[in-house]
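Position chain B relative to chain A; hints supplied.
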Amino acid sequence: MTRAVKKLDLDPVTVRKARSLARKAGRPIVNIAKQHTTVSVERAVLRLAGLAGADTEGIPWVNRLADTVRADVGLEHGLALPVWDALVRGEAEDLSVLAQKAATGSVTFRLPEGRDAVRARAAARKAAAAGLRKVDGRRRERDRMIKKHGDPDQRPWIYLIVATGDIYEDIPQAQAAARAGADIIAVIRSTGQSLLDYVPEGATREGFAGTYATQENFRLMRAALDESSRELGRYIRLTNYASGLCMPEIATLAGLQRLDMMLNDSMYGILFRDINPIRTFVDQRFSRQIHARAGIIINTGEDNYLTTADAVEAAHTVTVSQLLNEYFAKEAGLEDWQLGLGHAFEITPEIPDSFRLELAHAMLARQLFPDAPLKWMPPTRHMTGDVFRGYLLDGFFNLAGAMTGQGILLVGMMTEAVVTPWISDRDLALQNVRYVLGAAGNLHEDFHPAPDGFIANRARQVLAESIDLLDRIVDDGLLNAIGDGTFGLMKRPQDAGRGLDGVARRSPVYYNPAIELLEEAQ
Amino acid sequence: MSIIRPYGDTTGDGMVQMSFTLPVPHDKRAEGAAIQLANKMGMDPALVVHAKPMGPDFTFFVVYGPVNHLVDTSKVEVIERDYPLLSPKDANLAIRKGLRRRLTVVGACIGTDAHTVGIDAIMNIKGFAGEKGLEYYRELKVVNLGAQVAVPELVRRARAEKADAILVSQVVTQREAHVLNTKEMSAAFREAYSEDTRPVLVAGGPRFTEAMAGELGVDRVFGRGTTPGEVASYLVDALVTRRKHTPSRRTA
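Protein chains in written order, with the working numbering: chain A, 1 to 522; chain B, 1001 to 1252.
Isolated chain A, as found in the complex:
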């Protein structure tokens, strides 16, 4: 990674203050997360313990089992105690048979007490530990493959999206993109998957503007990119989305199938999908604990704020969100190298000095998070359909990425907002990236903005505005700030939104073997 030399003269006291405010704003949320559980967190435990597959209607067995147990004993104690109690009692020989019996109503669940509870806990812990061993094995496998095939030669790593809706079409496109220079392939999900309260099963060939995230699709694509890694002599990373109502389950499947990066923002689902804030924060903490264990790099979604709010006026909301995402991520056990904090090139091109402002914002992020592989996102808002102008804008976006030492560069398409990318769009976009990185990839070595110049002053201004906003959030409470429309101009109250009925306050006997094991290791 391009190690950020300190180029902006930021006051270290101010930077420390920003972090400490983010911690203050985030801590009450973590406490709320620790006091609640969700249906998806509980289903993730079942998936970790090996329950897979779906019934003839396509409803996953984890959903069938979770729904039955919840109806019998409630969600607040967690599913582990009643489920493994049933197994210890000999109601079924394994989880899969138990789920089938549960679906037909031939088994009744109870909350075990005393010695029964101790036995159920031990059995649940053993099953979850076996799942985590699989995740650990996947992580070692990745380390081995990176050692063998190597990382990309250059930074930023080049990140390209495929999205056909059909996994069998995605595979050759992804392999072609890797051959053309992509280091990271993201399979964008079908529109609307984030609102499904279950993870679809099997290989899928039908999706809207994207391909469903399923365990089998993950497996197929990872196997194809392993083939590409061998062919190209560099490890090709695979990205998907741990977001929406099934975030914890998808994170778990990603760990089991060796995905390398996952989109996982602390507030995106709340703001842009109207998912209940508590549901999101609980799901997110578990997801991040899994990602930490699996060695997965998370990508946060700050770029999205700038698609709804003005990129200059709202620049500080990006910084605030990055600081919050960092706090939540570290609290969940993620390390700096796993924090693909997001930001984007979305300033109105017509305003004077727009490129200098972009550089100021990008350098601020670089310097605030020197060890994080920042994810630099291309312009979308100001791509007008004039593909020629868009190609130039993408060139400047690439240049800003090179000059400020970004870690991950999402390749911009000149046909953004016109069509889903054609093969020629991708080829031209990669040419653009190659030219800029080839011609100016090391420009960051020479580029030192004047200490009191426009760029340095703008960066300090954004940091100061971030601290003001964090101060207000700490006073008001983060949940209230979200309810008031502080981020992305969306107002999301904590007692509304999708998925609220899948949240329960933990009882005193709540038990979750996965969280226990993950936190012990931390």
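Simulated from the structure, these hints should not be mistaken for lab results.
Honestly, I wouldn't trust all of these hints.
Below, a list of computed lysine-lysine pairs in the BS3-like style, where the Cα atoms sit at most 30 Å apart [to be verified]: (1) Lys34(A) / Lys17(A); (2) Lys330(A) / Lys147(A); (3) Lys1097(B) / Lys1040(B); (4) Lys491(A) / Lys34(A); (5) Lys1162(B) / Lys1141(B); (6) Lys491(A) / Lys1040(B); (7) Lys330(A) / Lys491(A); (8) Lys1052(B) / Lys491(A); (9) Lys1183(B) / Lys1097(B); (10) Lys491(A) / Lys1075(B); (11) Lys1089(B) / Lys491(A); (12) Lys491(A) / Lys1028(B); (13) Lys330(A) / Lys134(A); (14) Lys1089(B) / Lys1162(B); (15) Lys24(A) / Lys34(A).
Computed beta-carbon distance windows for the label pairs [claimed, not checked]: (16) Lys134(A) / Pro1053(B): 55 to 61 Å; (17) Pro1006(B) / Lys6(A): 35 to 41 Å; (18) Gly395(A) / Pro1006(B): 26 to 32 Å.
Cβ atoms here follow ideal geometry from the backbone N, Cα and C, with glycine treated the same way.
Using the frame of chain A, we list chain B on its own:
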């Protein structure tokens, strides 16, 4: 003059540029195939100025040349704006005088579409193309429901808010989803309301054309590049100016 041809650098030269990909390896035959395609599109002579292999199986072309087609501008059909453009001040005044209450607009991205750029550009105070959005109009009550709103929810909220107009935006448009979603929306409103109490239905998005209103079952369609001022002016025209003589229509 109603007969015209494309303009390169001389009147009447008919010059056009285009680019496309053919699913063949790059060789002389591929370039010939590109010329053949251009010829069939009316470009003659066609000049392949750039041909580049993209992987082993595809070739990308840029082609220049004159087209032999003529365009008759007198035969072009467009929907001309049939309402006056009002400034926010004039729009507010017209509503205050004509309606004697605020005009309620409910907006949403319907179906699975999560792309709120369109509806936000029109409704948020921030606006679009230098014009302030509908929230800026004092006499408009704006309710933006945001992304991924189900049609029944939209109808429910429209009733609760006593909406005068519904704005829906559709950006993600694979497999004609924008058309299907909008038809579902207009059908639901026609079912839930009688025709004279129904809110004005407006659909917008980059994949719509203005002539689609009938097909979609909505009162008006706005395409790419629409500004908030145009939408506000239309709403005033449809709900105030044209309905001035039926003030009792709102009983629901």
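Now the hints, each set against the structure:
no.: 1; hint: Lys34(A) / Lys17(A); result: 26 Å, holds
no.: 2; hint: Lys330(A) / Lys147(A); result: 26 Å, holds
no.: 3; hint: Lys1097(B) / Lys1040(B); result: 59 Å, violated
no.: 4; hint: Lys491(A) / Lys34(A); result: 24 Å, holds
no.: 5; hint: Lys1162(B) / Lys1141(B); result: 11 Å, holds
no.: 6; hint: Lys491(A) / Lys1040(B); result: 55 Å, violated
no.: 7; hint: Lys330(A) / Lys491(A); result: 27 Å, holds
no.: 8; hint: Lys1052(B) / Lys491(A); result: 49 Å, violated
no.: 9; hint: Lys1183(B) / Lys1097(B); result: 34 Å, violated
no.: 10; hint: Lys491(A) / Lys1075(B); result: 49 Å, violated
no.: 11; hint: Lys1089(B) / Lys491(A); result: 28 Å, holds
no.: 12; hint: Lys491(A) / Lys1028(B); result: 59 Å, violated
no.: 13; hint: Lys330(A) / Lys134(A); result: 23 Å, holds
no.: 14; hint: Lys1089(B) / Lys1162(B); result: 24 Å, holds
no.: 15; hint: Lys24(A) / Lys34(A); result: 16 Å, holds
no.: 16; hint: Lys134(A) / Pro1053(B): 55 to 61 Å; result: 43 Å, violated
no.: 17; hint: Pro1006(B) / Lys6(A): 35 to 41 Å; result: 55 Å, violated
no.: 18; hint: Gly395(A) / Pro1006(B): 26 to 32 Å; result: 28 Å, holds
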